[in-house]
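A.B. asks: The residues making up each chain are set out below.
Protein chains: 4
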Amino acid sequence: MIVRGGYNMQLQGIYAPIPTPFDAGGQVDLPALLGNLAFWNESPLQGLVVGGSNGEFALLSEAERLETLRLVRENLAEDKHLIAGTGCEATAATIRLSKAAAGEGAESVLVVNPYYYKGSYSEDALEEYFLQVADNCPVPVILYNMPRNTGLNLSVSLVSRLSRHANIAGIKDSGGNIVQIAEIIAASDPGFAVFAGSASFLLPTLLLGGRGGTMALANVLPEQCCRVMDLASNNEWQAAATLQLGLLDINAAVTRRWGVAGLKAAMDMMGLRGGKPRSPIRPLSRDCRNELKQLLEAARVL
Amino acid sequence: MIVRGGYNMQLQGIYAPIPTPFDAGGQVDLPALLGNLAFWNESPLQGLVVGGSNGEFALLSEAERLETLRLVRENLAEDKHLIAGTGCEATAATIRLSKAAAGEGAESVLVVNPYYYKGSYSEDALEEYFLQVADNCPVPVILYNMPRNTGLNLSVSLVSRLSRHANIAGIKDSGGNIVQIAEIIAASDPGFAVFAGSASFLLPTLLLGGRGGTMALANVLPEQCCRVMDLASNNEWQAAATLQLGLLDINAAVTRRWGVAGLKAAMDMMGLRGGKPRSPIRPLSRDCRNELKQLLEAARVL
Amino acid sequence: MIVRGGYNMQLQGIYAPIPTPFDAGGQVDLPALLGNLAFWNESPLQGLVVGGSNGEFALLSEAERLETLRLVRENLAEDKHLIAGTGCEATAATIRLSKAAAGEGAESVLVVNPYYYKGSYSEDALEEYFLQVADNCPVPVILYNMPRNTGLNLSVSLVSRLSRHANIAGIKDSGGNIVQIAEIIAASDPGFAVFAGSASFLLPTLLLGGRGGTMALANVLPEQCCRVMDLASNNEWQAAATLQLGLLDINAAVTRRWGVAGLKAAMDMMGLRGGKPRSPIRPLSRDCRNELKQLLEAARVL
Amino acid sequence: MIVRGGYNMQLQGIYAPIPTPFDAGGQVDLPALLGNLAFWNESPLQGLVVGGSNGEFALLSEAERLETLRLVRENLAEDKHLIAGTGCEATAATIRLSKAAAGEGAESVLVVNPYYYKGSYSEDALEEYFLQVADNCPVPVILYNMPRNTGLNLSVSLVSRLSRHANIAGIKDSGGNIVQIAEIIAASDPGFAVFAGSASFLLPTLLLGGRGGTMALANVLPEQCCRVMDLASNNEWQAAATLQLGLLDINAAVTRRWGVAGLKAAMDMMGLRGGKPRSPIRPLSRDCRNELKQLLEAARVL
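Residue numbers (the working numbering), protein chains in the order written: chain A, 1 to 302; chain B, 303 to 604; chain C, 605 to 906; chain D, 907 to 1208.
Do not rely on the hints blindly, as some may be mistaken.
Each computed DSSO-like pair below joins lysine-lysine, with the alpha-carbon atoms no more than 30 Å apart [what the hints assert, rightly or not]:
no.: 1; chain 1: B; residue 1: Lys382; chain 2: B; residue 2: Lys578
no.: 2; chain 1: C; residue 1: Lys897; chain 2: B; residue 2: Lys401
no.: 3; chain 1: D; residue 1: Lys1199; chain 2: D; residue 2: Lys1182
no.: 4; chain 1: D; residue 1: Lys1024; chain 2: C; residue 2: Lys722
no.: 5; chain 1: D; residue 1: Lys986; chain 2: D; residue 2: Lys1182
no.: 6; chain 1: A; residue 1: Lys99; chain 2: D; residue 2: Lys1024
no.: 7; chain 1: B; residue 1: Lys401; chain 2: B; residue 2: Lys420
no.: 8; chain 1: D; residue 1: Lys986; chain 2: D; residue 2: Lys1005
no.: 9; chain 1: A; residue 1: Lys99; chain 2: D; residue 2: Lys986
no.: 10; chain 1: B; residue 1: Lys382; chain 2: B; residue 2: Lys401
no.: 11; chain 1: D; residue 1: Lys1024; chain 2: A; residue 2: Lys118
no.: 12; chain 1: B; residue 1: Lys420; chain 2: C; residue 2: Lys722
no.: 13; chain 1: A; residue 1: Lys276; chain 2: D; residue 2: Lys1024
no.: 14; chain 1: D; residue 1: Lys1024; chain 2: B; residue 2: Lys420
no.: 15; chain 1: C; residue 1: Lys722; chain 2: B; residue 2: Lys578
no.: 16; chain 1: C; residue 1: Lys722; chain 2: B; residue 2: Lys595
no.: 17; chain 1: C; residue 1: Lys880; chain 2: C; residue 2: Lys897
no.: 18; chain 1: C; residue 1: Lys722; chain 2: B; residue 2: Lys401
no.: 19; chain 1: A; residue 1: Lys293; chain 2: D; residue 2: Lys1024
no.: 20; chain 1: B; residue 1: Lys420; chain 2: A; residue 2: Lys118
no.: 21; chain 1: C; residue 1: Lys703; chain 2: B; residue 2: Lys578
no.: 22; chain 1: D; residue 1: Lys1182; chain 2: A; residue 2: Lys99
no.: 23; chain 1: C; residue 1: Lys703; chain 2: C; residue 2: Lys722
no.: 24; chain 1: D; residue 1: Lys1182; chain 2: A; residue 2: Lys118
no.: 25; chain 1: C; residue 1: Lys880; chain 2: B; residue 2: Lys420
no.: 26; chain 1: D; residue 1: Lys1005; chain 2: A; residue 2: Lys276
no.: 27; chain 1: C; residue 1: Lys684; chain 2: C; residue 2: Lys703
no.: 28; chain 1: B; residue 1: Lys420; chain 2: C; residue 2: Lys897
no.: 29; chain 1: A; residue 1: Lys118; chain 2: C; residue 2: Lys722
no.: 30; chain 1: A; residue 1: Lys99; chain 2: A; residue 2: Lys80
no.: 31; chain 1: C; residue 1: Lys684; chain 2: C; residue 2: Lys880
no.: 32; chain 1: A; residue 1: Lys80; chain 2: A; residue 2: Lys276
no.: 33; chain 1: C; residue 1: Lys703; chain 2: B; residue 2: Lys420
no.: 34; chain 1: D; residue 1: Lys1024; chain 2: D; residue 2: Lys1005
Computed footprint of chain C on chain D; a stretch qualifies when at least three of its residues, placed anywhere within it, have a C-beta under 8 Å from a C-beta of chain C [what the hints assert, rightly or not]:
no.: 35; segment: 1014-1020
no.: 36; segment: 1033-1047
no.: 37; segment: 1175-1184
These are computed hints drawn from the structure, not numbers from a lab. No experiment lies behind these values; they were computed from the predicted model shown. Note that beta-carbon positions come from the ideal geometry of N, C-alpha and C, so glycine has one too.
Based on the sequences and whatever the hints tell you, model everything.
C.D. replies: Encoded structure:
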């Protein structure tokens, strides 16, 4: 039986959607991942997301998705929460992978909507999809709205209806439409947790009732991201706003501008194991790496 | 000589972009406008915008735009600030109308970018447009970004460069992209005033350093809008957030959902003089009016 | 009384939507226009459109729109047909300008849909707009669909319904969606004339039942444009296709890529009077002019 | 060694991108597929595409994609050409599946561009992707442009460059932008085969030099689709145009309007084995089925 209240108390704070390192031959590099885990384990992060967009899930096989999850589970600090990205295009595939992820120890799953047959994915079809996944998933489901990648947007009315399902615990909204985020918070079940999907709108999301963020920047600047949240929790909104504004450029570099390639390059520069993205994503060009380095230095991160 | 500092101290707070009432024959109804002015004059609003999108400027002749401005100028309470919308498609037309508006007593002008020849309006062309207007306008210029109507977006880099011009005082950003708003605040001249262009993202804008808002909802709920700002100024962010969330549905009704027709219908219901929009904008249907009435009643506005 | 059949027999063939020349001071240059008219009068063009997008109508005052129309009317060869662009944002303004244009001798009017208050311009609102214009216009109305500039698209069902009105004679569709054009032809009144709005899809439009084209390229290459149509009329489709393919690059240069600035630069190179566009449209840069010159030389036009 | 000329002589005509039938339990229904094959084998189709969008490839496992391919290969009439859809998100996965498909007897592969990490898929990245696939695929590669599903468009310049690769034989363009199709034909290698990706723009594509079509409608109306092509080949363009216009409504029903669900419902009505799509695609509602039935009856297909 799902006891929502208890679980949801954990579902707040800052999560890092971790990247998947690859070795020179393009295979998942588990030792490199172990090295990064040591860094995140010591950070103030609430938890990690394995197999999210930054984990290049769409470029991994099902076996690789589970293999990385297993390694993280076995090596994650006890106080950290573990979320697995398990969205697939087919409903049955998502359910199967969600069950497997729960079996590997994921405490909840992050499920992106299907996105190839856009013309067929009406609001009704998406609702049915998420309800079937939630009905059949042994752990709580977190919706994942990522319009820039999927070309679809989970509407306020859809999210609001889904928030009533006992096994749908929250949403990671990466769209960045703050009015939509506000409307979701206002219209959804009170226990429903809304997360900012990028650091660039973390603070406004928290102000309006969001419960945290799961965002690329948390991989490289976990302390600063958590500090925004701590300041907000302590009602130090002006100090939080100053910090928020200072994170915009670096956040853009590891998300909107350069994507996973930018995130991995920043990790390399900061002593973590980034490496190359998997093809067809290309590594950052030399010019962009130089620009990224200047951004990190200007922010006194390097 | 433009003394920016002094002027800009006034350029903050909540402004109402007022609608233009029409009589049964479709002509501008100056007595109705006078009636509305009495209401706004007694409100805590910082000022009014005449000839903005809610004023149906695109449906008015140049003479009508100036005629309404003159009436407002002559009847506006002394403590209120007056902004005139003066954007036209041609640069020379905007300059001519801006001079005329200043001549009528507008204290600043709100200038939307041209929008018909989208393919020709590169960032460079838009920059040249605004610089020419600012160089030739006797009063400060406020940029007006309204992507939903114009199909164009004023980018952060463009706005940031324009913010350095001594006669460009601020921006009304109606796009609602809070990351863009934050980036504009971070990248622009410190004296540059950023206004939320709709009540639905007023509070997040203020949190990140915005100076106020100019928004449809302020026509009908000026006290509530000003109260959001007062609470923010007093560091009562949580109370402000609760109020902000409560304004979302009504704000959508008078903007995104039903536009000027919704705003005018709400004014009629609340004892102001709304009336019909000018064709081709259609008045609100009976069903929508009923729904609007319920929204207003639910918010205890009626 | 409108006798549709008789009139519509004329409404076919290739029309040039002529640009408006400006003098060094930025005013309409009537002598330059006269010079260009001499060229078009001797061409095989069916007629001219004054005050279309290429005429920079959105940058002209109402007086300028009528002034250029009058000059063309007085100097147009007797066998040419004259169409006036008369679309304004307000319904009443469009009706007034359409009546004035008819008074000046326009044989039909080309009416773009209003486009600023996109959220308010439902299909119903646009239908009402065009019906009111058609009911009140003394000469036949041609719909003008220009999604790239207006951000709106006139749907097949809307156009099909409007095609039944006795005073709506046709459409210039500049969207270039050949499936939509085919569906309009299949669904509209048999007497309704569908025109390609750009030379790049003239031949496919003719193949599916279109009656001609009104397009920027016809200003500079009227013979080639008319030859595509002649070949199609003679069932020489393969020869027409070869010619069509050869016009693509030049057409893109004077439309999608460089717009009115490109068209005017090409006119200058070919001995016509192009000159500068009106601000905020910028003249073609030196680099682009060089590229344009090469395109024209490669096509043996220069 | 790839002998382009010889192979490409086959790559023309009308192909059906066949749907994948599922049984009551949601598994691939091979007997149903066999039944449909009997119909297509007797048709005038040039060949079949297995594992395209209509085959719900994005909802199938790799094993299912190969299993259906194998069954078709073993039961396809000798004179038919077999194309396998093999696009995956990761470059290595696409290469692996392409090799496996070739091993199963596919004569060429249809490769959609990757589409999840849109922000990372610059033109350069897409070029590298297709070049790597083409270099490593034992059979010719056909590019697949499907902007409505992928949210990306393969540009003219990209396709033109790729057309020079000895193992890239053609493109299925489902975007329906006839100007782009014309520009691709004009700019690409003369041996490069351009296919219309939907029946609604088959004839214009053929007129401009296209070599055929691969389209949903060919599954249910193969004779009519082939007849459009035969008429065009015989220079009977007017008759072809009449037929083309008559196919628009049915084509929309099995593509843009109702997608795979519409196609499968039409197959059921016509005595083929359509069945339900795989979740999250929903079967056609009763109302839509009724409307579809009327469309088919009006076209005298039922």
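A.B. asks: Hints first: check each against the structure and report whether it holds.
C.D. replies: For each hint, the structure was consulted:
1. B:Lys382 with B:Lys578: Roughly 27 Å separates the two Cα atoms, so the pair holds.
2. C:Lys897 with B:Lys401: violated, 41 Å
3. D:Lys1199 with D:Lys1182: holds, 17 Å
4. D:Lys1024 with C:Lys722: Roughly 28 Å between the alpha carbons, so the hint for Lys1024 of chain D and Lys722 of chain C holds.
5. D:Lys986 with D:Lys1182: At roughly 27 Å apart (the allowed maximum being 30 Å), Lys1182 of chain D and Lys986 of chain D satisfy the hint.
6. A:Lys99 with D:Lys1024: With a Cα-Cα distance of about 29 Å, the restraint between Lys99 of chain A and Lys1024 of chain D holds, given a limit of 30 Å.
7. B:Lys401 with B:Lys420: Holds: Lys401 of chain B and Lys420 of chain B sit about 26 Å apart, inside 30 Å.
8. D:Lys986 with D:Lys1005: Holds - the C-alpha atoms of Lys1005 of chain D and Lys986 of chain D are around 21 Å apart, at most 30 Å.
9. A:Lys99 with D:Lys986: Violated, because 43 Å separates the two Cα atoms, which is more than 30 Å.
10. B:Lys382 with B:Lys401: Measuring from Cα to Cα gives roughly 21 Å; hence the hint holds.
11. D:Lys1024 with A:Lys118: Status holds; Cα separation ~15 Å.
12. B:Lys420 with C:Lys722: Holds: Lys420 of chain B and Lys722 of chain C sit about 15 Å apart, inside 30 Å.
13. A:Lys276 with D:Lys1024: Holds, because 18 Å separates the two Cα atoms, which is no more than 30 Å.
14. D:Lys1024 with B:Lys420: holds, 24 Å
15. C:Lys722 with B:Lys578: Within the cut-off at roughly 18 Å; holds.
16. C:Lys722 with B:Lys595: Roughly 24 Å separates the two Cα atoms, so the pair holds.
17. C:Lys880 with C:Lys897: Measuring from Cα to Cα gives roughly 17 Å; hence the hint holds.
18. C:Lys722 with B:Lys401: holds, 29 Å
19. A:Lys293 with D:Lys1024: Cα-Cα ~24 Å, so holds.
20. B:Lys420 with A:Lys118: holds, 28 Å
21. C:Lys703 with B:Lys578: holds, 25 Å
22. D:Lys1182 with A:Lys99: holds, 25 Å
23. C:Lys703 with C:Lys722: Distance of about 26 Å is within 30 Å: holds.
24. D:Lys1182 with A:Lys118: OK: Lys1182 of chain D and Lys118 of chain A at ~18 Å, within 30 Å.
25. C:Lys880 with B:Lys420: holds, 18 Å
26. D:Lys1005 with A:Lys276: holds, 25 Å
27. C:Lys684 with C:Lys703: It holds: about 21 Å lies between the C-alpha atoms, which stays within 30 Å.
28. B:Lys420 with C:Lys897: Distance of about 24 Å is within 30 Å: holds.
29. A:Lys118 with C:Lys722: OK: Lys118 of chain A and Lys722 of chain C at ~24 Å, within 30 Å.
30. A:Lys99 with A:Lys80: holds, 21 Å
31. C:Lys684 with C:Lys880: holds, 27 Å
32. A:Lys80 with A:Lys276: holds, 27 Å
33. C:Lys703 with B:Lys420: holds, 29 Å
34. D:Lys1024 with D:Lys1005: holds, 26 Å
35. 1014-1020: Coverage by chain C is violated here, the residue count being 0 at a Cβ distance below 8 Å.
36. 1033-1047: violated (count 0)
37. 1175-1184: Since 0 is below three, the answer is violated.
When each numbered hint is compared with the structure, violations occur for hints 2, 9, 35, 36 and 37.
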